Structure formats: structure tokens, C-alpha cells
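Construct the entire structure; sequences and hints are all you get.
Spelled out, the chains give:
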Amino acid sequence: MQRVVQLVVVLGGVSLLTFLILNLLPGDPGLAVLGDNAPPEALEAFRSQHGLDRALHVRYFDWVSGAVTGDLGTSFRTDQPVLETILDRVPVSLQIVVFAQILALLISVPAAIACVWKPRSWLERTINTSAFATISVPNFLAAYVLILIFAVHLGWLPATGFSRLSNGVVENLRSIALPTVTLALSQFGIYTRVLRSDMVDTLEQDYVTTAYGKGLTNRRILVRHVLRGSLLSLVTVVGVNMGVLLGGAVITETIFAIPGIGRLMIEGIAQRDLMVVQGVVLLAATAYVVLNLIVDVLYTALDPRIELGGQRRA
Amino acid sequence: MHSSLSPSSVTDILEVDDLHVDFELPRGRLHAVRGASFSLGSGESLGIVGESGSGKSVTSRAIMGLLPATTARVKARTLRYGQHDLLDAPERVMRRLRGGEIAMIYQDPMRALNPIMRVGDQVAEAIRAHEPSLGRKELSTRVVGLLDAVRIPDANKRIRLYPHQLSGGMRQRIVIAMALAANPSILIADEPTTSLDVTVQAEILDLLGDLQEERGMGMILVTHDLGVAAWHTNRIMVMYAGRGVEHATTADLFEDMRMPYTRALFDSIPRVDMPPGSLLKSVEGRPVDPSNPPPGCAFRERCHLAVEICGTTAPPRRQVGSHWWDCWDDQEEKSVK
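One line per chain: the protein sequences are A and B, in this order.
With my numbering, letter number 116 in the first sequence gets 116, and the count goes up by one each step, no holes.
With my numbering, letter number 248 in the second sequence gets 248, and the count goes up by one each step, no holes.
Don't take each hint at face value.
Unchecked claim - Computed from the model, here is a short list of chain A residues facing chain B with C-beta under 10 Å:
hint, residue
1, D206
2, Y207
3, K214
4, L216
Bear in mind the hints are in silico, worked out from the structure with no lab data behind them.
Because the structure is a prediction, the values reported are computed rather than measured.
Just so it is clear, CB atoms sit at the ideal spot from N, CA and C, and this is done for glycine as well.
Written out as C-alpha cells, the structure is:
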């Protein structure tokens, strides 16, 4: 219940802020859409068609009351309903983001386990170095390196563009391979380091000694006791990252020309298509809050001492 | 060694001779155990008594091979369980011995249990570590049976709980059930009642004593409380600054304490025959710094009987039957004072 109130407050705040910032910025959407040489009558007609001639608060409440019923207005440029445009783009971004998270976790979790299993080994040093490297290398650079290798030199994968699932699974997967790997790389380092550091702490716990005292194998101790007891921070970071990326992996989508949410927002901003930008921001905020809600529910599943609402009992 | 001196033991299943444990710490080397020697016959119960820092817990962990490999250096003339050299055994053998032959009960059950795993699963895991082929159903029957054995009522329901949902006494019973899981020959109980309420302490000690007798297990009861060690032990070894300083059958020890430290520990036990309002004696002074032990007798600075020679030369080991103690203060001197 508390959570639902929080959701409403956050979304209310976000909607008001984006609306005010976008609408108080200098620059006339009419001029942007119709061009600098548009006759005054045309501009006037554009304004009244989109309700831009009304007072600010009237427009805000009009937009919010529409948003509540699922109507996010229509795009200034295409006259398409904004919600429809967004829903058209969401699956594209969602697929890449989810795949990237899965890929990042598939590498990070074993990597972190390996670090704890063989501390001070060449394996740990290699993992540590590559984790640092992927954190330090900016996303766009990794993207271009990948394009250079796999698209230009080897020619295995398309450099840019997106093929919808309806055009065939293989084509679809080929088209998202490079952006997915780019995103996953940027997460891999963080996830590995967060998990490894928590596992090192858990390893010091008395119950791990107990587990050794039972005669369990190293493998079982590391997975059942150490890994299982070290997931809270990782889940938190994954949740936050997912939220951020669902709001648009702007750089990655731009480089690979992926028609996702991030691209939609960038285009909207460039073209002063206020309705589209407002809609995307609202969607991103919602995704963020909902993901955090899921993270909280996961906490209670991971640690039975935590109760929904945040208190942790002794 | 001393094994031949203990009348109750027919065969020693555990033999510890001249055990040394050093910790390499950033601030220097710490000698936690400096030549501890004892043995345990099958079905026999040995109390190891000493203050915190006397090396008693480290000794028990050294036997189990549970000390951190990165910092702990374990050396001994003999460290043997049955036919197994515990210093040299491959990890695969040690894994079979841990829990399977030698099992441990820990001081604080809240910390010894995994907080995010159901207690039933934690017991089951201890069984399956040594009997991997056991089926699901059999396993859960065994778990419930173990919980019954440690006198946990409603075992069927309790197995589904998490540690924080149980009381301290119940948690310690779970730890004991875990230790019993693979029918070990030796139970090492490291301060098993220290973290518990006084009312529960006696219950847990009785339970341990009964289980030890029923199952014919050897037991090492590690405690700082000579009063606790008086229960259910055949022999007691008193440790100070990483070594044994006095050893006797439990009856002999309470009859005739020779080492002043043992006497000081004894005087710190509350007794019912004390006049109301009288103060308990604590052992005066502080334990020696284990990273820098002084020459001579380690206890001399706290000993009210200390004479000059105590500060220069390590005390000799005196022996009467199975009773031995390290002290310069021999019988004649004592009668003079």
C-alpha cells in the first residue's frame, strides 16, 4: 500500500517536472515542425490544433488526466497517438535490455565465484583486470570496436539496424547481437565486482565455517551458502540498471540505429515533439518504480528476515 | 604420550601431541597454541577449560582443519584421528572426516546457522554430505528423527522454519542435530552453552551428555567454565596461554587442584554455599599477550604464589598417576606457605 502511494507521488512529480521543463524551454514546437518560414496563420492553426494556445496548467491537467486513462496525446509531427508509438518501440528496447542483463549475469556470476574460489590466482587477476577494463571503457568505444571486428573485418553480423522478430528469429538475433553485447559488457564489470565483494564478506561468516565443518564440498558451499547469501547488492544494482536502460539505452541505440525507446526520445527532443518526450519520460519513470518494487519483493524471497516494507528483523 | 596415563581409555581414537598453531597477522605472528597435547579414547569425554585466548577454540578448529589456510600455520608432532594423519590428509579425506567422523557444535547458534536457509535443509545437507545416495523421503525422515533426538517438539513443523524464527535453545539443538547427522565418533562442543540463557544451559548440557552416552561418542567439551566441565566429563585439561597446564580425571581434579590457575578458575564459579552478598572472585590480571609470551611460567604475573624461578624458567611437569600439572610450586613449598 505504502508502495502504491509512493508510485503515485513519484509519477506525479516526474510528470509535473518534465512537463514544466519541456514547456518552459525556449523554442516553438510549431516552428520546429512546420519550419522557420511557416506563415503565421499556419503556426496559429498548429497551436490551436494541439492546444498550445491554452494556459500552462490547463494543458498539464489535460495531459495528466489523459495519461491516467492511457491517452498520452498525439505526436506533433506524425499525428500518431504517442502511446501507440511508444508501445511500438518498447519491445525493441526491452529485448535488447533483457538479453544484455541475462548475458551480463551469465558471465558475472561464474566470474565472481571463480574469484572467490581461487583467490590470488591468475584467473582472479584476469577477471579483475577485464572487469576494470569494461567499467573504464566508454560504451560507444566498445560499440565501435565490436562493429569493427564483427561487422567490418569478419562480416559475421550487421553493423547497424534492427530486424523484427516477425522477419525471422535468426535475423532478429543477428541484428541485436552487437548492441546486446555492448550493453552486457558495460554491466559485466560492475556486476562481477559487486558480487565478488559481497561473497568475500559472506565467506567470513560463521555459517560458512559450519558448512565446511559438515564436510560439504567447496562447490556446494560456494553456491548454496556463499553465493546465495551474497545476492542482495547484485539484485539491487541489476534492478537500478534495468530501470535506467529501459528508459533508453540512448547511446547504444543511436550507434546501432536501433528503433527503441532511447532513439524515440532523442528524436523527440530534436524535433521539439513535446508529447513524445513527455510520454517517454513518464514511461521510464514508471518502469523504474515498478522495477524497484520487484527488487523489494525479491529481497524478501532472498532473505526471509526481511519483511515487505523494509524492516529487517534480528 | 599421556594416552597411556588415562585409565578410562582403551584405545585412543584422537591423539594430539605438541600442537602448535600460529597466525600470520598483519601486525605480526600470534602464537595461539604453543604445544598442546592430549588424547581422547572412544566414548570418552574430555573437558578443555581456559579463558578466552587460551587457545582452546583454536585447538578444536585445528583438529577439524577449519582454520583459515591463508593465515593459520598448524604444526604438531602427532595430530591423528584413528589411522588418519590430520595434518597430511588430502582434502577429500578431510571432507569425509569433517562431520562424518568428527563433528562440531559452535558457540553461537545464530551465527553458526545460515540465516536464509530452512533449518531442516541445513540438517539434511549435513546428512547428504556423507550419504549422497539417500532419497528425498528417507532424508526427510532422518531429519525429523534427528530433531526428535535432540528433543525438539513438533519437529515436522519446525524443519520448515528459519533460524530467526526459533529460540536460542532450539537453534542450538538444530546445531547439535546437524553435528549428529552423519553419526560421528567424536563431538567437539566449543562453548556450546555460553550464548544461551542460564535456564537453557543445563538442558543443553544434559542433552549433550545423554547423547554422548547413548551413541558412545567421544566428546571434547571446550569451555571457560570449570563448573560446566564438571558435568559429563571423564577428564579435564586446563589450558593457559596456548598450552595445557593441568590435567586429571574430573574427580581427581576437583579433589586436588595443583596449578594455581586451575584454583583461580575454580574460585570464579558461583556456588550455592556462598554467603549472600559475597563477591565472586575473578581471575586477577589479564591473560598474556599470545604474540609475545614471557619467559618462564606464563601465569606467573597473575599468580599469588609466584617465586623468583617462575619468571626465568618454564615450570617442570609434575605427575602423579594420570594427574599432571606444570608448576614450580611443589607440595613441600605449598605446605610451608
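Checked hints:
With a least beta-carbon distance of about 4 Å to chain B, the hint placing D206 (chain A) at the interface is held under the 10 Å criterion. For Y207 (chain A), the interface hint holds, the least distance from its beta-carbon to any beta-carbon of chain B being 4 Å, beneath 10 Å. Restraint check, K214 (chain A) versus chain B: the minimum CB separation of about 4 Å is within 10 Å; hint holds. Because the closest C-beta pair between L216 (chain A) and chain B is about 5 Å apart, less than 10 Å, the hint holds.
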